[in-house]
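Participant: Sequence:
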Amino acid sequence: MGNFAVKPAKECRFDILSLGEVMLRLDPGEGRIRTSRQFRAWEGGGEYNVARGLRRCFGQRAAVVTAFAKNEVGLLMEDLILQGGVDTSLIKWVDYDGIGRTVRNGLNFTERGFGIRGAVGCSDRGNTAASQIKAEDIDWEYIFGELGVRWFHTGGIYAALSETTGDTVIAAAKAAKKYGTIVSYDLNYRPSLWKGFGGLEKCREVNREIAKYVDVMIGNEEDFTACLGFEVEGADENLTDLDVNSFQKMIKKAVAEFPNFKATATTMRGVKTATVNDWGAMCWVDGEFYTSTHRPGLEIMDRVGGGDSFASGFIYGLMILGDPQLAVEYGAAHGALAMTTPGDTTMASLSEVEKIVGGGGARVDR
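According to numbering that gives the first Met the number 0, the residues represented by the sequence shown are 0 to 365, in order.
These aren't lab readings, by the way, just hints derived from the structure by calculation. In this text, a Cβ means the ideal position worked out from N, Cα and C, and glycines have one as well. Keep in mind that a hint or two might mislead.
To be verified - Each pair of labels, with its calculated beta carbon distance range:
| id | residue 1 | residue 2 | range |
| --- | --- | --- | --- |
| 1 | 133 | 257 | 22 to 28 Å |
| 2 | 244 | 190 | 24 to 30 Å |
| 3 | 74 | 33 | 25 to 31 Å |
| 4 | 75 | 272 | 32 to 38 Å |
| 5 | 257 | 196 | 20 to 26 Å |
| 6 | 348 | 35 | 26 to 32 Å |
Stated by the list, open to error - Taking lysine-lysine pairs in the DSBU-like style, the calculated list, with each CA pair at most 30 Å apart, reads:
| id | residue 1 | residue 2 |
| --- | --- | --- |
| 7 | 201 | 251 |
| 8 | 271 | 176 |
| 9 | 176 | 251 |
| 10 | 252 | 173 |
| 11 | 211 | 176 |
| 12 | 6 | 69 |
| 13 | 133 | 177 |
| 14 | 211 | 173 |
| 15 | 176 | 9 |
| 16 | 177 | 211 |
| 17 | 211 | 194 |
| 18 | 6 | 173 |
All chains, full assembly: derive it from the sequences and hints.
Facilitator: In structure tokens form, the structure reads like this:
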């Protein structure tokens, strides 16, 4: 893997740094948001989940760049992040005005779905502290130049939050590349986030500019189509079936247009019901395609965060193992395990991932 010159660990304070919004996820369990009288609280965020997975499951030194309004909810989220072992020293704290007129912390209500009833997300995250971060608010030269970071991860969810977050992503990615840090980006297209912010046209404009600075691009067929404008032949309108050859053709077009891509990766999810999915993954690295073990009929407890857990396992495989085939296998196994537990964030261990990669099953461990 000659294209991946990952900086030595001893030269860096952090192995993995993420940039994104961390929200308080409120989960009604198996019920409905609209009728629930009780919610469980978790922390979560598309970019943060990757760093936390690399810390908690894969043992890497992780930090997050985000911002919180300094109130009880912000302090709760800080405590949850600390429980996950992620460094909080780069969090920007903003004075709270008492009721959230000028700044607040994000909430994400998420019901898992069951059977024929799909999962539902209801975001309440306008005007959050993280969405107001401007490129000049963070000392990127200090972070990447003095502290040192081996791998930087961010994504399209954060880029969609406001008129400033896309520029913040670009500034961070430019600084990372200046100091030899690998940059990964998960397109993570969410129509609801772009709905009031220029729609699909704005989404494509922002993401195509960010793509110029990305080494490892992650996304499924809908992400590549919506965010970058690459159509996938053979995908049905509900994106439940995907022809692998057609996807490979699309990737070849993407890397020809963005020669800075050193790797791309995608999960391959066939949604049968909310609780049963076909699951697998594939990647392109150094001109070759690699496909993970396919897991048809995978039983799911909570699908949210499965793609983020794939990304963390995939990054671990490239950064530490240096093997594209193992990278896609570790990513797919970690994503599968993460979807067997509640919440956005992983509860899997490295030994469990290695067991699944090695062909182990669900027999009781005694």
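Participant: None of the hints should be skipped; say for each whether it holds.
Facilitator: Hint-by-hint comparison with the structure:
no. : hint                   : result
1   : 133 to 257: 22 to 28 Å : holds (26 Å)
2   : 244 to 190: 24 to 30 Å : holds (27 Å)
3   : 74 to 33: 25 to 31 Å   : holds (29 Å)
4   : 75 to 272: 32 to 38 Å  : holds (33 Å)
5   : 257 to 196: 20 to 26 Å : holds (23 Å)
6   : 348 to 35: 26 to 32 Å  : holds (31 Å)
7   : 201 to 251             : holds (24 Å)
8   : 271 to 176             : violated (41 Å)
9   : 176 to 251             : holds (23 Å)
10  : 252 to 173             : holds (24 Å)
11  : 211 to 176             : holds (11 Å)
12  : 6 to 69                : violated (35 Å)
13  : 133 to 177             : holds (19 Å)
14  : 211 to 173             : holds (10 Å)
15  : 176 to 9               : holds (19 Å)
16  : 177 to 211             : holds (14 Å)
17  : 211 to 194             : holds (24 Å)
18  : 6 to 173               : holds (16 Å)
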